[in-house]
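Asks: Please model the entire structure based on the sequences and the hints provided.
Those protein sequences? They're chains A and B, same order as listed.
Heads up, the first sequence is in this note's numbering, so the first residue is 12 and it goes up one at a time.
Heads up, the second sequence is in this note's numbering, so the first residue is 2 and it goes up one at a time.
Hints may be right or wrong, so weigh each one.
Pairs of lysine to aspartate or glutamate, DMTMM-like flavour, derived with a Cα cap of 25 angstroms [to be verified]: (1) 62(B) x 121(A); (2) 104(B) x 100(A); (3) 40(B) x 121(A); (4) 54(A) x 82(B); (5) 62(B) x 82(B); (6) 46(B) x 57(A); (7) 117(A) x 71(B); (8) 54(A) x 83(B); (9) 54(A) x 71(B); (10) 54(A) x 106(B); (11) 46(B) x 106(B); (12) 54(A) x 65(A); (13) 72(A) x 100(A); (14) 27(A) x 84(A); (15) 104(B) x 18(B); (16) 46(B) x 32(B); (17) 104(B) x 121(A); (18) 40(B) x 82(B); (19) 40(B) x 57(A); (20) 72(A) x 57(A); (21) 62(B) x 2(B); (22) 62(B) x 83(B); (23) 69(A) x 2(B); (24) 46(B) x 18(B); (25) 72(A) x 2(B); (26) 40(B) x 83(B); (27) 117(A) x 32(B); (28) 117(A) x 2(B); (29) 40(B) x 100(A); (30) 40(B) x 106(B); (31) 43(B) x 121(A); (32) 43(B) x 57(A); (33) 54(A) x 2(B); (34) 104(B) x 82(B); (35) 46(B) x 121(A); (36) 117(A) x 65(A); (37) 43(B) x 100(A); (38) 104(B) x 57(A); (39) 104(B) x 83(B); (40) 72(A) x 32(B).
FYI, nobody ran anything at the bench for these hints, they're computed from the structure.
This is what each chain is made of:
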Amino acid sequence: QVQLVESGGGVVRPGKSLRLSCVASGFTFSSYGMHWVRQAPGKGLDWVAVISYDGSTKYYKDSVRGRFTISRDNSKNTLYLQLHSLRPEDTAVYYCAKDSPWHQIKWEFDYWGQGSLVTVSS
Amino acid sequence: DIQMTQFPSSLSASVGDRVTITCRASQGISDSLAWFQQKPGKAPKSLIYAASSLQSGVPSKFSGSGSGTDFTLTISSLQPEDFATYYCQQYNNYPPTFGGGTKVEIK
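Replies: Printed below as a string of structure tokens:
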């Protein structure tokens, strides 16, 4: 069965950096686009970034572009999100999510990880 | 960005009730709409895609309908495990956007 397991969250000061990881299993990771979606405490869902199956295409939410970097290592079945210049408003649970269709970005999230909490506070 | 508006934002219902949640898009999105269920402290779970297609393994008490700007999620007979928050999401236009959620509580 599909499993996505995030790690790397924690408490960090404003302006600092953090890297999240998401290890995938149960499907052919290298054939699917992957997303990061976040949820601030008590709030709704907010898409952050996507990377194509081969890493050649990346898109970001406006407010994180230039500060966050999405990447993947298909040999390790792992998705990453590097977060730089963190702000208090970046505080959220960060979920990785699999896109549905093979070899496409369709923004259709069919499986989600359990999430990793990032807290930005001084 | 396309704005997704869900209503009601919360509702109270009893076990066995039929429940309907509405989602409205600020512009037409064809049938590019998904519904998710989220329980406290858990990840969202995909229920429906393409407005009315049931995700594999999701019970048939869940159904979706609509096209264009107006969509509904219906739970035919509410069970204890269905008390959760439900979100709609459009994927017709970049960036993908979510509704604000509907919390279904026990009456």
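Asks: Against this structure, judge whether each hint is valid.
Replies: Against the structure, the hints come out as follows:
{"no.": "1", "hint": "62(B) x 121(A)", "result": "holds, 19 angstroms"}
{"no.": "2", "hint": "104(B) x 100(A)", "result": "holds, 24 angstroms"}
{"no.": "3", "hint": "40(B) x 121(A)", "result": "holds, 16 angstroms"}
{"no.": "4", "hint": "54(A) x 82(B)", "result": "holds, 22 angstroms"}
{"no.": "5", "hint": "62(B) x 82(B)", "result": "holds, 12 angstroms"}
{"no.": "6", "hint": "46(B) x 57(A)", "result": "holds, 15 angstroms"}
{"no.": "7", "hint": "117(A) x 71(B)", "result": "holds, 21 angstroms"}
{"no.": "8", "hint": "54(A) x 83(B)", "result": "holds, 20 angstroms"}
{"no.": "9", "hint": "54(A) x 71(B)", "result": "holds, 23 angstroms"}
{"no.": "10", "hint": "54(A) x 106(B)", "result": "holds, 17 angstroms"}
{"no.": "11", "hint": "46(B) x 106(B)", "result": "holds, 18 angstroms"}
{"no.": "12", "hint": "54(A) x 65(A)", "result": "violated, 32 angstroms"}
{"no.": "13", "hint": "72(A) x 100(A)", "result": "holds, 14 angstroms"}
{"no.": "14", "hint": "27(A) x 84(A)", "result": "holds, 24 angstroms"}
{"no.": "15", "hint": "104(B) x 18(B)", "result": "holds, 15 angstroms"}
{"no.": "16", "hint": "46(B) x 32(B)", "result": "holds, 19 angstroms"}
{"no.": "17", "hint": "104(B) x 121(A)", "result": "holds, 21 angstroms"}
{"no.": "18", "hint": "40(B) x 82(B)", "result": "holds, 9 angstroms"}
{"no.": "19", "hint": "40(B) x 57(A)", "result": "holds, 17 angstroms"}
{"no.": "20", "hint": "72(A) x 57(A)", "result": "holds, 9 angstroms"}
{"no.": "21", "hint": "62(B) x 2(B)", "result": "violated, 32 angstroms"}
{"no.": "22", "hint": "62(B) x 83(B)", "result": "holds, 10 angstroms"}
{"no.": "23", "hint": "69(A) x 2(B)", "result": "holds, 18 angstroms"}
{"no.": "24", "hint": "46(B) x 18(B)", "result": "holds, 22 angstroms"}
{"no.": "25", "hint": "72(A) x 2(B)", "result": "holds, 11 angstroms"}
{"no.": "26", "hint": "40(B) x 83(B)", "result": "holds, 9 angstroms"}
{"no.": "27", "hint": "117(A) x 32(B)", "result": "holds, 13 angstroms"}
{"no.": "28", "hint": "117(A) x 2(B)", "result": "holds, 16 angstroms"}
{"no.": "29", "hint": "40(B) x 100(A)", "result": "holds, 23 angstroms"}
{"no.": "30", "hint": "40(B) x 106(B)", "result": "holds, 11 angstroms"}
{"no.": "31", "hint": "43(B) x 121(A)", "result": "holds, 15 angstroms"}
{"no.": "32", "hint": "43(B) x 57(A)", "result": "holds, 16 angstroms"}
{"no.": "33", "hint": "54(A) x 2(B)", "result": "holds, 19 angstroms"}
{"no.": "34", "hint": "104(B) x 82(B)", "result": "holds, 13 angstroms"}
{"no.": "35", "hint": "46(B) x 121(A)", "result": "holds, 8 angstroms"}
{"no.": "36", "hint": "117(A) x 65(A)", "result": "holds, 15 angstroms"}
{"no.": "37", "hint": "43(B) x 100(A)", "result": "holds, 21 angstroms"}
{"no.": "38", "hint": "104(B) x 57(A)", "result": "holds, 17 angstroms"}
{"no.": "39", "hint": "104(B) x 83(B)", "result": "holds, 10 angstroms"}
{"no.": "40", "hint": "72(A) x 32(B)", "result": "holds, 23 angstroms"}
Of the hints listed earlier, those the structure fails to meet are numbers 12, 21, in rising order.
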